[in-house]
Structure formats: C-alpha cells, structure tokens
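S.K.: Assemble chains B, C, D, E, F, G and H onto chain A, guided by the hints.
Listed below, chain by chain, are the residues.
8 protein chains.
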Amino acid sequence: MIDARLDLKRRERLGMVEAVWGEHKTAEQIITILERFSAADELGLVTRVSPEKADAVLAALPAVKAHAHARCLTLGELPAPPPGPPPVAVLSGGSSDRSVVAEATLALSCHGIAVDPLMDVGVAGLHRLLDQLPRLESAVVLIACAGMEGALPTVLAGLVPQPIIGVPVSVGYGISQGGRTALEGMLASCAPGLTVVNIDNGYGAAMAALRMLRNR
Amino acid sequence: MIDARLDLKRRERLGMVEAVWGEHKTAEQIITILERFSAADELGLVTRVSPEKADAVLAALPAVKAHAHARCLTLGELPAPPPGPPPVAVLSGGSSDRSVVAEATLALSCHGIAVDPLMDVGVAGLHRLLDQLPRLESAVVLIACAGMEGALPTVLAGLVPQPIIGVPVSVGYGISQGGRTALEGMLASCAPGLTVVNIDNGYGAAMAALRMLRNR
Amino acid sequence: MIDARLDLKRRERLGMVEAVWGEHKTAEQIITILERFSAADELGLVTRVSPEKADAVLAALPAVKAHAHARCLTLGELPAPPPGPPPVAVLSGGSSDRSVVAEATLALSCHGIAVDPLMDVGVAGLHRLLDQLPRLESAVVLIACAGMEGALPTVLAGLVPQPIIGVPVSVGYGISQGGRTALEGMLASCAPGLTVVNIDNGYGAAMAALRMLRNR
Amino acid sequence: MIDARLDLKRRERLGMVEAVWGEHKTAEQIITILERFSAADELGLVTRVSPEKADAVLAALPAVKAHAHARCLTLGELPAPPPGPPPVAVLSGGSSDRSVVAEATLALSCHGIAVDPLMDVGVAGLHRLLDQLPRLESAVVLIACAGMEGALPTVLAGLVPQPIIGVPVSVGYGISQGGRTALEGMLASCAPGLTVVNIDNGYGAAMAALRMLRNR
Amino acid sequence: MIDARLDLKRRERLGMVEAVWGEHKTAEQIITILERFSAADELGLVTRVSPEKADAVLAALPAVKAHAHARCLTLGELPAPPPGPPPVAVLSGGSSDRSVVAEATLALSCHGIAVDPLMDVGVAGLHRLLDQLPRLESAVVLIACAGMEGALPTVLAGLVPQPIIGVPVSVGYGISQGGRTALEGMLASCAPGLTVVNIDNGYGAAMAALRMLRNR
Amino acid sequence: MIDARLDLKRRERLGMVEAVWGEHKTAEQIITILERFSAADELGLVTRVSPEKADAVLAALPAVKAHAHARCLTLGELPAPPPGPPPVAVLSGGSSDRSVVAEATLALSCHGIAVDPLMDVGVAGLHRLLDQLPRLESAVVLIACAGMEGALPTVLAGLVPQPIIGVPVSVGYGISQGGRTALEGMLASCAPGLTVVNIDNGYGAAMAALRMLRNR
Amino acid sequence: MIDARLDLKRRERLGMVEAVWGEHKTAEQIITILERFSAADELGLVTRVSPEKADAVLAALPAVKAHAHARCLTLGELPAPPPGPPPVAVLSGGSSDRSVVAEATLALSCHGIAVDPLMDVGVAGLHRLLDQLPRLESAVVLIACAGMEGALPTVLAGLVPQPIIGVPVSVGYGISQGGRTALEGMLASCAPGLTVVNIDNGYGAAMAALRMLRNR
Amino acid sequence: MIDARLDLKRRERLGMVEAVWGEHKTAEQIITILERFSAADELGLVTRVSPEKADAVLAALPAVKAHAHARCLTLGELPAPPPGPPPVAVLSGGSSDRSVVAEATLALSCHGIAVDPLMDVGVAGLHRLLDQLPRLESAVVLIACAGMEGALPTVLAGLVPQPIIGVPVSVGYGISQGGRTALEGMLASCAPGLTVVNIDNGYGAAMAALRMLRNR
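Residue numbers (UniProt numbering), protein chains in the order written: chain A, 1 to 216; chain B, 1 to 216; chain C, 1 to 216; chain D, 1 to 216; chain E, 1 to 216; chain F, 1 to 216; chain G, 1 to 216; chain H, 1 to 216.
Calculated directly from the structure, the hints in this document are not laboratory data. Among these hints, one or two may not hold up.
[What the hints assert, rightly or not] Chain D side only, calculated, beta carbon under 8 Å to chain E, not exhaustive:
no.	residue
1	Gly15
2	Met16
3	Gln162
4	Ile165
5	Leu187
6	Pro192
7	Val196
8	Met207
[Claimed, not checked] Below, simulated SDA-like cross-link-like pairs (lysine to any residue); rule was C-alpha separation at most 20 Å, straight line:
no.	chain 1	residue 1	chain 2	residue 2
9	A	Lys9	A	Trp21
10	C	Lys9	A	Leu130
11	B	Lys9	D	His127
12	D	Lys65	D	Pro79
13	B	Lys9	C	Pro134
14	E	Lys65	E	Arg48
15	A	Lys65	A	Arg36
16	C	Lys65	C	Asp55
17	G	Lys9	B	Gln132
18	E	Lys9	D	Glu137
The model shown is predicted, which means the values in this text are computed figures rather than measured ones. Yeah, the Cβ is synthetic: ideal placement off N, Cα and C, and Gly gets one too.
Chain A with its partners taken away, still in its complex shape (with noise of 0.2 Å):
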C-alpha cells in the first residue's frame, strides 16, 4: 500500500498550513508524515492525538512539541504574531469547552495570529457577557464555542455587527449529547449572518477566521 500523499502546496495555494488529522492515525503514521514536514521544511499540525498517540510520537521525534490542553502536537517553530491587539476573540460558555477552544487558538498560532480568550460567558447568566463586551470592539473575527443548547453565538450575534463563527461543542448530556443540539440551534439562528462549523471543529474555524483576515 503506498504512503500518505502530502499536500504540501496548500501553503501556496490556500495560504495555510498542511494540518493532519491524527484521529484515525497510528503514532507511526504520524511520525512519517511529521518527517516529511520537516524534510520539506514546513511547519506542521497535527490535531486530536490521544495523550498515548502524542507520548509515543515524542519518544520518536523528540523535537515535537505536545500541547496537551488542544491535544494537538507541532513540529517547527510557531511565527510570532504582529504587535498590536489579537485580531481574533474567542469565546466559551462553559470551562468545559477548553479543548475545542484550544484546538482553535493553537491552529491561528501556527499562522502568526494572536487570540484574545472570554471563558466562561455563557447565556444563563447573562451579565457575564455583557459585561465583556466593550472587549470585544477590537476584535476583527469573532469564534463563539458553546455546548448544551449553544445560545452563546445567536445572543452574540445580536450584540455586536462582526463576523461570528459559532463552533457547537460535544459537551451536553442526553438529548444534547454530541453537540448536534447546539450545532442545530447555531444552524436555526434568528440571529442573522452567523456561520457554523461542523462540532468540536476548533481548527476549522480557525482556518475559516483566516480566511476572513485576509481581506483586511
């Protein structure tokens, strides 16, 4: 069987780091392809690798570097962002989703971009956000996580005229378990011009956050 084909022109074509999914990877999947990155002399991504997956690829490739919180590893130094305040907020409506917010935050890293983090603002009570949002008036793109029901992005998207990326997370319990409740409020929103992406799909949305960056 012949072996994973990179697509290393993604950078020239899409201006994005080539980022692998580790999920359905064995560690020496991983390892070959991070070697590869690295011949070629490009940063890489690696996301949703298991704490065993991560610990077995540093053993080989001792200069990875783990990020335990995102559960993502890199290998390659990280561009440091422009001075100036983070052009992208990220908010979460409960500490719960820390890891989504995490997967995001490390994924705009990887391209040179800054990340201002609201935990902890959900809708139930209500004041935590208001009271946040002068903070939000510099941010260019906004990423609003939410599990259970995911009112977080369509209360938000009332308040503040911006680009608002709602990322449903799988927290929640019987009928909310797995994120598609929150991912179909997001979707029903009366708010308008909120846009989803698919559940815990931290780097997605940071790659969407990009895009939209670009036209400034």
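M.R.: Then chains B, C, D, E, F, G and H, alone, in the frame of chain A:
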C-alpha cells in the same frame, strides 16, 4: 362503533375543563361531543380546529364561539378572572408564534386565569427582552414560546426566579422546520430549572401553569 | 487560558445554589472551583462526578462529602429542612433509575427541601402505583422518573392535580437505549399539563420544583 | 409492462384472503385487480383507498362495497362469524384512532371473525380502562391501538394474560407526529410479552390475530 | 432510599415468572432481589447479566445457576417440559444471534416450554431455510431472530401460517449497527401478520409466545 | 441571472445522454433547455415531470414525447436496441413500484438498451420469484426495485451471480414511509455484493447498469 | 394581543436592514409591518413570501416591489452599489437552486453590494467550475449554494483562499430530500475553513458576507 | 444449540468464496468454522477480526494467515492473479481509510483479482486526483472509499465512464461520525450511475466488483 366516551369526571379529579383535540376529528364528531358537553352543563373547549371545520360546527351549533387566532372553539361562558395583576406572563420570540400564544391564553381563560402577553421579545434583539424584565415581576408563572433555535426560555431562566414553561414552536425552515430544534434546545438548556412541553402545545403549557398556580 | 468564571450572583438572582457540572471537568478543575466556593462561603454542589474523580477530589479536599448514589460532591453544610411533610414526592419506575432519583433528592436537600421517595411504582404493575396514591396528597410538586417507554408520568398526570415534572431516564436497550423513547413519550403524553426536563436531569427537575415551591 | 401478478395461492398457503394495498395504485389498477379476484371466485379486499378513488372504482364495479371508516373496498360476500362471544377485542385510546380500528375490524370480518370494540379507554383517564377489564376476559386476543405516547398497550399488558398486539396510530403533533413516538413507546414497553406492528397497520394486526386464533 | 418493590403477584395475574432486568443493577441489588425471590419460594430469573456481575452473584449465592450464552441467572428449579414436540421454534439468521436465541429459550424453559432451535437459516442462502420448512409444521409459535437487514421473518411469514414473532438483533455495522435497520425492516414487512418486539428482546419474545400458547 | 449551463460534453466524457432533473424546474426552464438540446442535435431526457408541467411543455414543443408512467419527457428519436435478449432485467416487488421501473426502462432505452421486466415478484410470495429464476440467466445486469422492507434484492443476491443494483422505492407507510427502511435494508443486506442507489432513483440505476454493460 | 415589535435599532447596532421573515405571517401582518418601516423611513425587506401573499400585499401597498425569483418584497429604494468589480461571487450547483441564489443577491443589494453570479458549476461536470476559477479572483467573499450531496463548497474550498459560505439547498429526493444531506456534507467537509448556514438560508449567507466585507 | 451451518455451496451458486463475519463471533467459533472450511478443502476468509481474537485463532491454527491492516484471517492459499494490468482500482480519500481499502483488496485477492491502489486522492486537494486520471483508464471497475463528506466518488463519477462503487468510511467526527454523512452524500450524488455499499463494507464492494468483472 361506539361513540366517544368523554372524561367528564376530569374537572372533579384534576380541576380541569375537559378539552377535545379537534385535529383528527370530523366536524360531525366535534358537534356530537359539544352537544354532550352542553347536556352535561360543562364548558367545552376544542383545540386545533381548521377554519373550514370551525365553520361547519358553527353552522350546526350557533352558540359555539370560534377563536380564530387560537384555532379553537368554545361552548359555554368563560369564567371571569379575579381582579389583580395577571398571574401568568406569556412571552413569545416572534409574531409568527401567535397561534400558540393564543391557544395557551384561551385555555387559561377557560379556567378564569388572566394572561399578560409579551410578544416579539426574541433574543436576537436582546434589549427588547431586558426592557421588559420589571414587568415580569408580578407574574407567578411564565410561559415562553419560541421557534427557530428556541433560546428565549434559556435566557429568561437565567434572569428570573419564577417557574418557566418552554413551548417550542414549529416555525422555522431547513434544520429547524417543525420545531424540533427549538424543543431540543430548550431541553438541553444550560439554565437551571426550565421545563418543557411538546411542540406547539399551548394548551399543555396552560394546564401545567394551572397545576402550578394551585400551589398558592 | 483564563480560569472558570463562577456565577456567584446566581443565589441572589435566582435563589439557587451554584452547581457545577462535573462530567467534562478534570479533578483539578473541580478542586479549584470548590476552593473558590469555599472562599466565597458558598455551599458547593458538583454533579456527574465519576467515582475515580470523586476520590481524587476527596484526597485533595477532605472536607468534601461524596454522595455515591447521586454521583455528586458537596462542600459546606446542607441546610436542615423545615418540619412538616416533605413538599416534593419523587417517584420512580424501577430501581435502575436510582441515580437520577438520588441526584434530584440531593439537589433539593442543598436548598433545605425534603423529599418523599416512592420507588418501583412502574406501570407494568399498576396496583403498586394505585396503592400509593393517598400518600401523594400532601406533596406540592411531584417528580416522576422513568426509563423504557416512560409511561409513569402520563398515568400519574391523569390521576392527580399537582404539578408533575417528568424525568426520562437513560435505562433501556434497543429502541429505548439512551432514554430518548422515554423523553418523547413524556412530551407526547395524552395527559394534560405534564412538563419535562432533559434525560437523566435530576438536578434540573429539582431546580424546576424549587421554582414552583416559591409560589406558596 | 406486465400486469400485477396476484398471489391467489395465499389462501391455500396462509389461510388468508389476498389483500391489495390501494394507496399507491390508480383506480384503474384496482379495478383490474378486483375483476381478477372476482373471476377467480375469491373475496377481494383493498385497503387504504381514498374516497375519490373509491368512488371511481364503484362507478366501474357497482358490486364493490366501500367501507368509509376503514378506507377499504371489498368485493364478494363476507363470511358470517360463528355464534359465541367475539374472540378479538379491539381497544383504542381515543376516537381519533377510528380508521385504524375499522381497518382491523373489517380485515377480521373478511375471515369470519367478530370483534368487541372498546373505544376511548386511553390511560389519561385510567378508570375508563379499569372499568372495562371484566369485559375483556372472554377475548382470546387483544388489539390495542394508540397514538400520542402510546401507553395503552403497556398498561394493558400489565393487567391481563392474553396475547396483546399494539398498533401505534399516526395521530399526534410535534414530537409525536406520524406515530413514531407511539411505536417506539410500545417496543420499549416495560410490560412483558407485548408485540407490535407498523404504524396504522390495522390490517397487519388483524392478520397477526388470525394467526394466533388458529392455535385454538 | 427504599428497596426494590418486587411484583410477586405477577405470576398470579399474568402467569409469568417475575424477571429482573440486570443490566443497570449492581451485583448487590441482584443478590438482594434473588434472596427475596427465594424467601417467597418463587423461581427467579435475571436477564442481561455481564460475566463479571454473574461471578459476583454466584460467589454470594452458590445456589444460583449462570447461563453463559443467555447472559442470565436463575435461582430455583426449572419446571420440566411436558412430553411431545416442542411448541416453539426459534430460528436465527446467523450464529452471531446466539445470545438472543439463548435468552428466549431460557425464558421459555422457566415456564416449562421446550424449544426447537434452527440456527443459520439466513435468507442469503435461501435453500437452508426452505430445506427446514417441514420441520416447522409442528411448531405452534415461531420466533425468528435476525440482524443486518432482518429479512428472515418476512420470508418466513410468506411461507407458513403460524404466529411469527420477529426479534431484531443488534448485530451489524454501519447503517445496521445496533439493530435498528432489522427492526424497521420487520415492522415494514410486506408479509401479513408478522409482529415484532424490541431489539435483542429474547425475553419479550418468549413472553409473547407464552401468551399465545395459552390459547390452546 | 445567467441561464442553465448544459453539460453537453457529457456524452463524450461518460457516454451518457445528458438528463435534466425536472422536479424543481419550471415548464419555462424545461422548454428552454430542451430547445438547446434540440439545437445541439442531442437527444433530450427530462425526468420527474408532473403531468401538469408535461402538458405545458408539450403545448410549446409538440415534438416532445411524454412518458406518463415514467413521469419523463424526451425530445429526439430513441435509438433502436440491437437484436438479441435484453441485457438488463428489472424486477419489482409490487405493482406500486411501477413509475420507478418505468423511469429506469426509459433511461436505458435512451441509450439503445432493452429491458426484460419482471413485476410482482415480492418476497412475501416467494414462489413467484423462484419460478422466474431461469428467465434471469441471460441478463447481464439486474435492477431490483422494492419498497416496504426492501428484501427482494437481498434474496435475489443470494440466488444469482450477476451484478444487482438495488433501488429502494418510496412506497410504504408508517415506519417505511418515504423509502428509507427499504434503502437501509438493502445497504445492510447479508447477501454479498449488492449495490444500492438513492430512493426512487430509476435513472441512476439505469446509468449504473450502462456503466457495467460497457465491460462486455 | 399586542402588535409586532420591530427591531428598528438593528441598523444602528449591526449595520443591517431589518428583514422580516414572511413565511408564517399573514398578508395583513406583512402590510402592517411594511407601513411601519415606511413611517420610520427605513428600507423594508420581507423574505419567503408566496406569490399569493405577494399579490395581496401589492394590492394594498402599490409602492412595494415584488422579486419573484427571490420570493421577496422590498419597500423603499435599494442603494446603488459602488463602482468596481462585485465583491461577492455567488456560485450554484444547478439551476434548481435559483431562488436561494436570488434571495442572497437581493439581500446584498439592499445593502448596496453587487454580486457576480456563477450558475450551473456543479461538481458532476468539474470542468464547468475549473473554467471559471480566474473569474473568482476578484471576489472578496464566495457564497456557494448546492443541493443533492452538496459537494460544491468542499471542492471550491480546496481551490481558492477566500472566505466561503456554504448554503445547502433543499433540492433533492429520497435521502437528500429537504437539503439535510447537503448540509451535513458541507459541515463534514474535508476542506479547511468552510463555514455553513441553514438550509436555503440565502438571506443569512448574505448577512454573513456583509459582516465579512466590513473587515476591508 | 446446533452449530453454525456453513453455506459451502456458495462458490458453486455465486462463484464466491464463503466469507465469515468475525465481529460478533468468539475465537472458538471462528476456529471451528475455519476447521470446517479446511476439511471441505475450501479457502476460508474471516473479516472484522480484532488483533486479540486473531492471536487466539493463530495460536490454535498456525496455518492461518493474519492480515493486520485488513483485520482479516485467511486459511488456504490465495489464487495467483492472471498477468496484465489490475482490473480493479481502489481509490481512497485519506490514509485514515486504510483498513477498508485493505479489506476490499484482500477479498479480491481471494478470488485471484489484482488491485491498483490510489491512496490520498481526496477532493480537498483536487490536483492529486486529476493527476492520476490517466492511470485509471485500464481499470474495469473502480472502488472509491471516502469518509467525512464522502465527495470523492461523486467527483470521480463525473470524470470517468467505468462502474464506480462508493464505499463510505466511518472516519469523521461530530456530524460525520460513524460514516453516515459520507454514505448519504454518495447516495445523493449529482453524478449519474454511482452505486453504494454499506459503511466500511470493503468486502461487499469487492464482491460487487467481482460480479461486474464476470461480464467481460
């Protein structure tokens, strides 16, 4: 085939007027049932009656009163509500929810309970809801109707301490068509102590409020 | 990443103890949060804590109390309920529903409210429920937990006039696995005025009962 | 395109009258089929025929008999049932289930089997069912039809020892629209030994009863 | 919390041994229940017991008998079946359905009813089923278990006139994972008079057969 | 808004006549498209055209031929099939599947391929299928259409070695309404090497057969 | 019942024209709302208006303009777009998606934004899309509409670096009926940085594009 | 309980090696079955065998060969493929699909058919697929495996005229978890003549290809 067996002891057992669900019944069936209520000297309430069916019933029983917004029929005099502020507030996300609001309001009227209606207080324009909060203080129970993503009851339940009954409404399209997204969003709510009834079930929300008002 | 932002004003606004959902949090996160509750002199309640996680928290904070059946932790003294018959009855279809019953009972205890438990009153042996009806008369609110087809709250709501909160339970297999059949059966109930919360949401049912008890 | 190939040996093999499902057939197709039954000297039964289609068939074949409640057509004489109490009881939760009850009753009549109908014995008014229990003692098989949450067969199966066939009915709205909630509730039933047929499948329930009656 | 309330009158009312569903109960709960059966001199049957739980129960109650294939426990002597051919045939599409077949067989044995098992008669090799048809003639009731697309009961119901109980089995993958496709295929069957129970519900199928055998 | 961009190179690339899906197009759009086909001297095929729309198109373009059973329109002469036995057999479970069979047959005719139709060979009367097996020997590809539980292709694939394309048909009610049960049953089939197309997709099955016939 | 409460401050807060969702409103409600817009000197946009409802509104308010393809009404003059190439490209898989494309285009026009439309660039004839790539270079944001399997936005997002908003369209049949397959395909996309809105939500896609264009 | 009844006549009837689905069978059952194959001098293939189960089988039957990537076992010598280019091409969207590709490849090898594998030709980097088109010309049948949104077979079916079998793969997360989105996308494909098998069904795709290759 034997005729419908009315549960005329319901008032005695549950303190509720017997209501008849008109959707799958013919005009002839409804007429027979209303005549029986009348003979038993009971107030009769029929829900989910199409305009055509309502006309057919009124032609046969001119004493029946049709309530167009609520899509209901009543036969017999509604009890006058006692003086004082209405004990139930009914909130609605958009004017498309009107028929559900009307059904709940009428069902409470059949039991002598007045309603304070707050329409168009959807969460996409949050100030419209926040402006009305003081008005809600005198309500004993709140019924919150919403379609689309159904976030209104969630936001409300984070703001006020009274019992809140969420009523998902079947307005929406695409993913939210039929009201299921609103229903699941309310059940998944991150706000504590919100309870929910079936989609478009204005009558059920009213009866739940009636049960709660008994506690006073 | 900034820390969890507790909603310590919740007691003031809603009259509810702040509860923390432990399922997606690490033991470390739970410990930090409980320490903060303690510092604010607030009673702390953590729900959905696995036995392993509970052990880790107790090792760090010996003052924490673990409630095994309810899968919860508390820190601080529970208020003593006032004398008199318990205002809330909690009914359950089978002994497999025990942990949901225990969560609801504990959440009410955190607010000084006593519970009368009626276990194993499922509808497949109807006499077990009918025998207990007189005992329900003094209850102000009823919480009815059921898995499988979830018919208990429906039968109950046809028999007694008090508010009834249906809690679907995720016991079942095949078509009823995960509790969705019980949930939908309760929402579709032909009995008037039944309200429902999310699957296994004992805490939510307790908070709904708390809101209703305020009306007295 | 070749014509419909009737399974005229069905009576010999299974002891059942060949029934034709009329829903997706044109009046012309139904007429052709009935003529062929007639030529073969077989009793013909066509189910799920709309009033308009029935009229078109009757205009061409005046010997056909239309059964309005059951939405069926028959051609040929129905066998007279033997004397004695009806071996099958058909129960129904509400008068909206009438057409399913009528289809089951007619299908049994085509095989010379009489039916004892018990309408409006839904579980929201339990006494209506409990009052009728003695009447059920002589039934060999029970067919229980219910829409909404579909709890009737579950309650019944806990009370009597005979075979019970649950028929979910497509009356309901919101979550219970189309009968799926009733179906799943019956399958998930906590009562032992209940079997189920497809939604609205009165004919299928009758044929299942016929198979069971053969055992005598 | 009060203890499990056994329905020991079930044998009197329904003629069935009380069975306990072991899946969501602890070994301790099962031990307590079996002791109570024993004290009441009743045969005890516990279904859905994992091997680990079975070992724990046997360690405490050595008189208990574990049935590994059926994943069940019994306490007390099983009644001997009367002489003559087994009145129930249990058919199965593939050897992966073994545990469901075993559960049905054991549940019938608890009531003194013998079973004729026909394994591996799936419809992908139709001759295996057609070859066995004569053997089925003496069966009074047939239980047909099948996973995947679940076509076995449909084909069977077109061939023989006895009552057939379809049991969908949760073997399958992709679209058929969990048994839902088999269940829906059986409910949708074009063969007349097939009835169905919940996925993997061998016990329920046995109790349905028991109800039907009473008719003789 | 620019006009429809026809893919007139499709015949060159794929060897297929360009077909137009008529369901969501107006009569005006269809007329414009057919005129363009005509101008390019290409055979035109429009599928899923309602009788009303067909009439409107024929009024404008009398050279168009309407195929009522197939709900299709063609413009231009269909190629004559070569002599010899038809290479494709189309089987159908019941006469309600007629329009899907007709669409597949017409789409093959547009490519000069003849069809051998076998209607009413559903598995509830298995002998009707077994009787026809010898006739199937000369077919190169089989298309098997079935609604309800959709077991026909499964049984067939266990009996004959040729390629079999399963076409689920949207006839059915209750659980099988819309054809999804038939679809899932075919995908879950225990018979090896069955492939499936979308519900009611007679055209797609024909094009799949066309691809397979090229191999000869 | 109080009247609809328009959110006339929306333009100030979000820079968006207030749009009214016409689907569940009567012509009378729409007329009242448009009169209020007019009185406030605001441009009015009503979406999802059936032809019959549009006629009724135009009869009462002749100044209203009906947009047939977009199924929308406007009252007031649309702002002229600035000179230069259109900043938004709207792509569509097939001409059946026309009304969604038209709704998005009109909603952008209401804000003075011009659109470059590319119809019929579906992925089944890939060259039609590849041929148009150079034309896309000047677009700042791309809106890609597709029904069926919805692959167009995925392919596009692998080819160009701008922000792409996927709009699933409710054209399709069988498994893809209602647009859910297209929606889920877009959310599951393997191409990085694609965002999605609700099915048929041309208006929402336009408002999302508007938010993104602000960044320039 | 009687033993598994192998369908050893399958080779004669269908020209296929009998394959055993190992997922729900114990190592003991697999050993017994393989011994029987061996006794009948038939090549044995067992699919979906976990590494642990494979080890247990190999310990008992050292002649068995384990295929780790394909998760399969074989007993007996695989036939050598005839000379010439491989008649089947197997394409895959990403290296996470490896085990499905390997299962299809092995199943074809068991019948002496060689495979040309094209890995990592997913549509997010379209040039990787377009570059390989010439290589596909000699393939008689194409098997296209894809997870996530599953667009690969759709794009392929618009480019080449051969038969294409789509195999949805259960890699994905959130909305695409379990492969259902890929499956539905393939069924809904706008490209003509694509056929589909169950999720992860590499074996089934191979058997479908085998049926098609017979036509040559």
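S.K.: Of all the hints given earlier, name the ones this structure violates by number, lowest first.
M.R.: none
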